[in-house]
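Visitor: Sequence:
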Amino acid sequence: MKHKSNFFLLSACFLVGFGFFRCSKNLETSLPIVEIPSKIDQELQLEQLTKSLKLIQLETNDSSFLTGVLDVKLFNDKIYVSDASRRILIFDQEGKFLKVLGKQGEGPGEYKHFAYMTIDEESDLLYVASAMKLYVYSTENELLLENALPFYVNSLAVLEEQLFVLRQERVIPQEEGYLNQSTLYEIDRALTVVDTIPVRDVKLQTGGFSDFSFKNYFSTVGLDHYVYVPDFGSQILLHDTLYQFKDKILTPFLKMNFETIQTLDKSGIKKIQIYNVINSQSFLFCEYYSDSNHLLFVYEKESSKGYNLKSGIMDDLGNPVILRPLDLGRDIFYFVQQSEYSDSETEEQNPRIGIVQLK
1 MKHKSNFFLL SACFLVGFGF FRCSKNLETS LPIVEIPSKI DQELQLEQLT KSLKLIQLET
61 NDSSFLTGVL DVKLFNDKIY VSDASRRILI FDQEGKFLKV LGKQGEGPGE YKHFAYMTID
121 EESDLLYVAS AMKLYVYSTE NELLLENALP FYVNSLAVLE EQLFVLRQER VIPQEEGYLN
181 QSTLYEIDRA LTVVDTIPVR DVKLQTGGFS DFSFKNYFST VGLDHYVYVP DFGSQILLHD
241 TLYQFKDKIL TPFLKMNFET IQTLDKSGIK KIQIYNVINS QSFLFCEYYS DSNHLLFVYE
301 KESSKGYNLK SGIMDDLGNP VILRPLDLGR DIFYFVQQSE YSDSETEEQN PRIGIVQLK
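For the sequence shown, the UniProt record's numbering begins at 1 and goes up steadily by one.
Please note: incorrect hints may appear among the correct ones.
Said to hold, decoys possible - Derived CB-CB ranges, DEER-like:
| # | residue 1 | residue 2 | range |
| --- | --- | --- | --- |
| 1 | Lys103 | Lys246 | 37 to 45 Å |
| 2 | Asp265 | Phe214 | 20 to 28 Å |
| 3 | Asp188 | Gly109 | 18 to 26 Å |
| 4 | Pro108 | Ser38 | 49 to 57 Å |
| 5 | Pro108 | Asp211 | 23 to 31 Å |
| 6 | Gln281 | Ser38 | 25 to 33 Å |
| 7 | Gly329 | Ser267 | 17 to 25 Å |
| 8 | Lys255 | Ser63 | 42 to 50 Å |
Stated by the list, open to error - Straight line, CA to CA, 27 Å or less: simulated DSSO-like cross-link-like pairs of lysine-lysine:
| # | residue 1 | residue 2 |
| --- | --- | --- |
| 9 | Lys51 | Lys78 |
| 10 | Lys271 | Lys73 |
| 11 | Lys215 | Lys359 |
| 12 | Lys359 | Lys73 |
| 13 | Lys99 | Lys78 |
| 14 | Lys39 | Lys215 |
| 15 | Lys215 | Lys271 |
| 16 | Lys271 | Lys203 |
Simulated from the structure, these hints should not be mistaken for laboratory data.
A virtual CB, placed ideally from N, CA and C, is assigned to each residue, including glycine.
Throw the hints in and build the complete structure from the sequences for me.
Guide: Below is the structure:
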């Protein structure tokens with residue numbers, strides 16, 4: 001079975017597996033490599049990595065009950081939580097519930113699908129994507145503008161002071177097989193498309209694919225931006241490279257070398273599926289699946305030490321948690337600590353949000 005993957009990159013030229021990269025001639029082809037072992041390490045305690053930690057108990061009431069936290073942003077000294085209930089809820093920094101952002105529905109200013117968020121720090125704007133619509137909110141949570149796009153948005157980020165949205169088309173029928181296609185679109189202040197950056201085409205023989213709810217595809221450290229877009233199609237190629245985004249060009253930046261050999265079973269299930277790669281000032285995180293295990297690889301850059309952890313890093317309650325980005329330039333992350341209740345008569349509480357700065 002043969003699978004081909006084409007990456008559209010304007011300034012890199014090298015071969016990795018079956019990947020073809022279009023490039024200039026004067027770029028170094030060697031990349032930094034992070035080795036990811038097959039062995040799973042013993043537990044790593046969060047306190048071993050922590051410089052500071054704040055736990056925030058989110059208020060629970062009939063209006064604020066959360067069914068599953070998908071993303072968290074800090075905006076205008078408030079906590080914005082995108083929830084599996086397809087709402088964005090706003091809390092203060094002590095966890096008091098303030099309001100729901102916008103309304104659910106299909107009318108003007110309303111949304112009813114899973115919402116992705118990103119912040120424009122320079123302009124103090126909050127961008128929200130829900131299905132095929134984009135919204136812009138002020139620091140006072142006023143809806144400033146909305147617009148419909150001709151495609152579904154799978155993620156979004158502000159890169160080099162411009163808004164970009166990611167479109168992931170899956171299982172597009174072809175004459176022979178199928179195609180998965182990932183594309184970045186530059187969005188102007190009027191929320192219209194002004195430029196297109198092809199990211200990846202993956203040709204498939206079968207049409208199966210999966211997905212993952214947490215889409216931490218973009219990392220910003222100071223003025224530097226990094227992108228990792230996974231592909232969930234049933235093809236054997238392991239997309240193991242983190243890219244740097246500069247001047248609207250994606251350049252290979254770092255490669256992850258897995259000791260475990262990638263395979264594809266008869267059902268089209270990969271042995272290794274990378275979900276997210278997050279690059280911060282001092283750490284690299286790779287969240288992935290292997291052999292029915294949800295794994296988190298934590299790499300300390302200064303010591304060049306890595307930890308391959310099952311389900312995540314252990315919190316103070318002895319439960320594994322996954323760190324997700326808040327301010328990567330300062331190594332600040334958040335995690336979700338589920339509430340505990342002792343019996344069926346006790347009302348379930350909203351989770352705690354842990355905000356942690358790593359050493």
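Visitor: With respect to the beta-carbon atoms only, verify the hint that Asp265 and Phe214 lie 20 to 28 Å apart.
Guide: holds, 24 Å
Visitor: Does the Cβ distance between Gly329 and Ser267 fall inside 17 to 25 Å?
Guide: Taking Cβ atoms as reference, Gly329 and Ser267 lie about 42 Å apart, which means the hint is violated.
Visitor: Assess, step by step, whether the Cα of Lys51 is no farther than 27 Å from the Cα of Lys78, and give holds or violated.
Guide: Holds - the C-alpha atoms of Lys78 and Lys51 are around 22 Å apart, at most 27 Å.
Visitor: Holds or violated: 25 to 33 Å for the Cβ distance of Gln281 and Ser38?
Guide: About 28 Å separates the Cβ atoms of Gln281 and Ser38, which means 25 to 33 Å holds.
Visitor: Take the C-alpha atoms of Lys271 and Lys73, compute the straight-line distance between them, and say whether it is at most 27 Å.
Guide: Roughly 32 Å separates the two Cα atoms, so the pair is violated.
Visitor: Lys255 and Ser63, beta-carbon distance inside 42 to 50 Å?
Guide: Holds, since Lys255 and Ser63 (Cβ atoms, about 47 Å apart) stay within the stated range.
Visitor: Is the hinted range of 37 to 45 Å satisfied by the C-beta distance from Lys103 to Lys246?
Guide: holds, 39 Å
Visitor: If you draw a straight line from the CA of Lys39 to the CA of Lys215, is it 27 Å or shorter?
Guide: holds, 26 Å
Visitor: Has the given pair, Lys359 with Lys73, been kept, meaning a C-alpha gap of at most 27 Å?
Guide: The given pair, whose Cα atoms are some 21 Å apart, holds under the 27 Å limit.
Visitor: When you check the alpha-carbon spacing of Lys99 and Lys78, does it fall within 27 Å?
Guide: holds, 11 Å
Visitor: Regarding the pair Lys271 and Lys203, is the alpha-carbon distance no greater than 27 Å?
Guide: holds, 19 Å
Visitor: Honestly, do Asp188 and Gly109 meet the 18 to 26 Å range at C-beta?
Guide: Given range 18 to 26 Å: holds, Cβ gap about 20 Å.
Comparing the model with each earlier hint shows violations of hints 7, 10; every other hint is respected.
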